[in-house]
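**Q** Protein chains in written order, with this note's numbering: chain A, 1 to 545; chain B, 546 to 855; chain C, 856 to 1323.
Just so you know, these hints were derived from the structure itself, not from any lab. Heads up, a few of these hints could be off.
[Stated by the list, open to error] Stretches of chain C that chain B covers, calculated by requiring three or more beta carbons in the stretch to come under 8 angstroms of a beta carbon on chain B: (1) 1154 to 1161; (2) 1279 to 1293; (3) 1296 to 1304.
We treat Cβ as the ideally placed atom computed from N, Cα and C, and that holds for glycine.
In case you want the letters, here they are:
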Amino acid sequence: MLDFDFRDLESITMPKFFILTLFLFAFSNPILAQSVDAAAQTVKIALAQEPPQLNNMTATDQVSIFVLGHVMEGLTRYDRRGNLAPGVAERWALTEDSATFWLRKDAKWSNGDPVTAHDFVFAWRNVVDPKTASQYAFILYPVKNAEAINQGNKPLTDLGIEAIDDFTLQITLERPTGYFLKLTAFVTTFPVQEKFYRAAGSAYAADSKDILYNGAFRISDWVHSASLKMEKNPNYWNSEAISLEVIDAEYITADTRARLNLFIDDKIAYTQLDGETYKDALNNQFRIKKFVTGSVYFLEYNYRPERITHNKKLRQAIQAVFDADEFVNKVLQTPGNLPGASLFPSWIMGVNKPFRQEYPAVVTRPDLAKAKQLLQEAKAELGLEAIPPLILLVSDSPTATKQAEYMQGMLKTKLDLDLKIDVQTFKQRLAKMTNGDFDIVGAGWGPDFDDIMTFGDLFASWNLNNRGRYNNPEYDRLVRKAMNSNDPEVRMAAMAGLQTIVHEDAIILPMYEQGVIYLQHPKIKGMRRTVVGSDPDFTYARIVP
Amino acid sequence: MLKYTLGRILSGLVTIWFIATATFLAMHAVPGDPLMNEKATTPEIRENLARKYGLDKPIVEQYVIYLGNMVQGDFGISFTQQNRKVNDIIQDHFPVSAALGILAITFAALGGILWGALTALYRNQLPDIIIMFLVILGISVPSFVFAALGQLLLVNINQWFNISFLPVAGWGTFAHMIVPSLVLGLGTMALLTRLMRSSMLEIVNEDFIRTARAKGLSPSRIFFQHQLRNAILPVVTVLGPQIAAITTGGFVVELVFAIPGLGRYFVQAVQQLDYTVIMGTTVFYGAFLVFMVILVDIIYGFIDPRVRLK
Amino acid sequence: MIPHPALQADDFTPERSTDSLEQLSRPSLSYWQDAWIRLKKNTRAIISLYLIIGLALFTILGPFLWTKDPSAQDLDQISQAPALPKTALLVSDYLPWTPPVDQGHPAEPTGYPDTLDAVTGFAIVGTPNTQSIRLTWSPVQDAGGYSIYRSESEPSGLQGLGLPLETIDAGNILGFEDRLNLKSQTYFYSIIPTDGLDEFDVVTTLKVTPVQSITMSQALERGLIDPSDAPGRSVSLAFHPFGTDYLGRDMLARLMQGARVSLFIGVVAPFIYVLFGVFYGGFAGYLGGKIDQFLMRFADFVVALPFLLFMILFKIGFGIGPGESGILPMLVALILLLWPSTARLVRGQVLKIREQGYIEAARLLGGRPSYLIARHIIPNTMGVILVTLTFAVPSAIFTEAFLSFIGMGVAPPTPSWGSMCNEGVKTMLSHPHELFFPALFISITVLAFNLLGDGLTEALDSKMRSRE
């Protein structure tokens, strides 16, 4: 090896120079603006994902519904206290078989046109049109002939909706529907202007300029997958009541840690936490809030005859050994979740009080001896020496797999039952669920509208979401009874009957009612968390100095 | 030279056809129904959706239509981001990934050459030992650990100084790009440092260096004019493949730093079984890779005549 | 005349062999012996070799020495940092507790009060242990409910109250039971009275340190006590030298199980695809001509596929059935995508060697093709192949870790180092050990194979041989 002196090269100061430039660059790009601005009434947030579908007639996901709830408005809406209030409709009248809405004359689209009854007729027909293939078409099934049209058995014009004049809308109902008004606050039932829709063609809602807004805000800037900015809509009929000028979703990320870091850095004013990040939030001395999302999570069994989970004793054995309390406290670990006890979440309203207060669900402590006894009986009934491994189908989300691992370990140690975990991505899991390719499936159900029926008919034999094909005539009878009545007493009594069947027949294994914890900038007031629809609702929020 | 270039381009096109076909087959082998969704739908609705996306046709016909559209540069409409063209998705998000990748490779190349040269200079002395230790760390620690630690460090720095020194996540300004691209380029930087070091050490023993010394050139002139310039060549050679690897490998960094790049889209599309987006991004990336390689080859052909003659 | 010397018989005896004159100064060494000697001189490579052997022992023998079940859940020690063995107080099984209700106090206030007094009489009921902490307090005049927070550090005023545990919407419910993931550490409970909607700015705080406890049935289930034992005695809990994960599973046992997955993929995949590549490339290189061109063009196609994208596609495409780990699909995907690089390399080597003079000489001496391949071509490509293999291992391990990290790797409950990192990175601030250990093992493995590869490259380099 040659050896000569390189010492005279010490003048190479490249690294120093390099680092210096970097620093200068960083500082010369001042990152201005904090997450809230009281003077400009601006709030910055992060979306979990790019809204996949801003066409309100076909939107189904949380993020799209969040955005649509701010930029559009239906016949009715929720006010700042969460009560149903007039929206595009000024007043209404609801009877057993019809509903009439009188629209306000000052409701305008963002292009200045008035919102008319025809816009609703067009939108609703479009929703139930089988060609639109809207997954939320069933929301309109209480409207006369909607279901038949949606299944392609009747023409669109048979839909029970009629514009008597530009500002009077007449709905004919299929059956008495006590909760019909609540449906008119949901995005699927929002109006769409036919002229604009036809002009936009297949590009409708693909970009900010391809939507017509009639809500409190309008999308002013949408950089796909990067940011989405909503500004106060000057054409909104009630714009004086709106304080916020800008809701700026400057970040789009599903990573809760990235969002927490943005919150710590005062770049966003609101973020949800999870089991992994809440401790970091605690270390930062933030005031953490909690909220019950309204969804229930449970294990659903497969009732197809070839599956051994159709055996009631087996299901009851699992029910007898599962400790929902331990599951929520030790496995989920985040505050706000409630131990699962029923198909109906605790927030659902009964006649006067929450349903679960009027009709408490049966809560039993785990009983190992009883579970073992039930398992023996199950084996005897099935004629099996040992229960073969059961397939537990779950999604690939971290929470779902964690739950599956817990169940696997728990059933193995306590009952010597083997579970085979089948982790599948979204579409694969759905395909397996639909084809009945499972014994047990981890499922959850969130409310589509603010009525007990959104949970109640889940295991009716005709419900396509009843993936385990549970079929019980008594269950069906009770659902029909509640469906065809406007009397809350009768309906809730029927639902209480359902609750009993769910427990006694061990139709599902309720695991937990989902609660979330979140951080909110203390200067934001009036932001409403809501179980149904656009959550969180910034419509009436304001920034205090 | 023209014949050589044309030949390379032609074989590149055949390669893209192969990629497209492989993607098509692999994707249709994926179990699951792309048209299903959380809420169950009636068979009628599913049929209508299938018609909309042309999934009701036999698979051979779908393949022909897909190739036909691809030749015209049309990748169709996304299944999940409804009404959004795949072309638009690529157009919007590829530049982001590319910008990140280019900056990362710049960091990696500059750093790699610099550190590599330094280690060779101070062979077996303290700077060499320290840098090589860091290099080994850079090669051995997975990128996702770096990404998470990088962001954490940033949050702490910002909190410590109580200023927004650099943004924690997001995209838009140059400041947003610095930390993610450093994290992304770290592995490659380590790789290049090693390469540069060994290349430098090899060249020290070459005859022309000895000749230069014998001529009485100053050490710094030998270092810059002869040693460094010749040692960089092998480093440049591996840059081509590394650019491709970095541009497609940015998933984790894009995820952790909330960067709207194409990689994130791809992972999402696979999870959602979004046929058109999967095919569009894969074929696009494949084509990008192929042409990067061809470009490097052609440039090499100009520099080094031996390549052309082969 | 000078007589001619007569030739004697022993003039015709052969000269004694003078072999010793041509004796080599060094013993004759084969290529491999020589390489081995040079490798042994490379301290870093030797340390790496020992590390690799250590990892192999850890993976294969580890589970026999550390027999803890990697899937056994210890819910009393969730996310436990590495620590010395702990003891716990044996308590009877948990029974639900109904908080006291003051019937003389209204549940809802009659009006909306402007101010509320701070809660008094905030106290613990019974002995606080890690099964449950029961709190009670005295009713506050006009209160319509109470909010309870829990913090791990002392709150200062209204800041840092910690976790919102419960919001009670009745002024006459005077108790709350906390069971949320309790550890044997100090907690600060804060209670704020509300009017049924909003919290008032008065806080009462209580400091509680629960004792580590275990219930009878849990202790029995884990075989820590005899059925005859009575509550009140102390029980030693299971020992976890590397701590536990999010379900209280032993990290050390999981790292061993994860090693089997990561190293299996890391070693077997490269081995198979390098082997395939050798055959493919050797075949193409030896045959040459049209077949060579065709085979290599196909390899070029496969090389052009974007690697990570296709890895994900293939992996999903093969599908993972119930109860399967997903190791096989990943292995197949790796092999399908990575064989061409070796094939190209080997082909290049074979082409080069084929042109060498000694091959020509061997052929002229009548060497058959099979002899040429076995005697000359394979041994001369071995070095390159060995180095490729060594460097392929870390990249395969990284690929596995990367895929597991983005959730496309092995399926739970099978652990791999990558999937353990994925879990650990989420809690890296609160439980750094869950990220540290798997990341450390990945790093050590990758490091060892890289350094060994470096050592081998140098040792097998024939240029280096001549230089000494």
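**Q** Run through the hints listed earlier and report the numbers of any the structure violates, in increasing order.
**A** none
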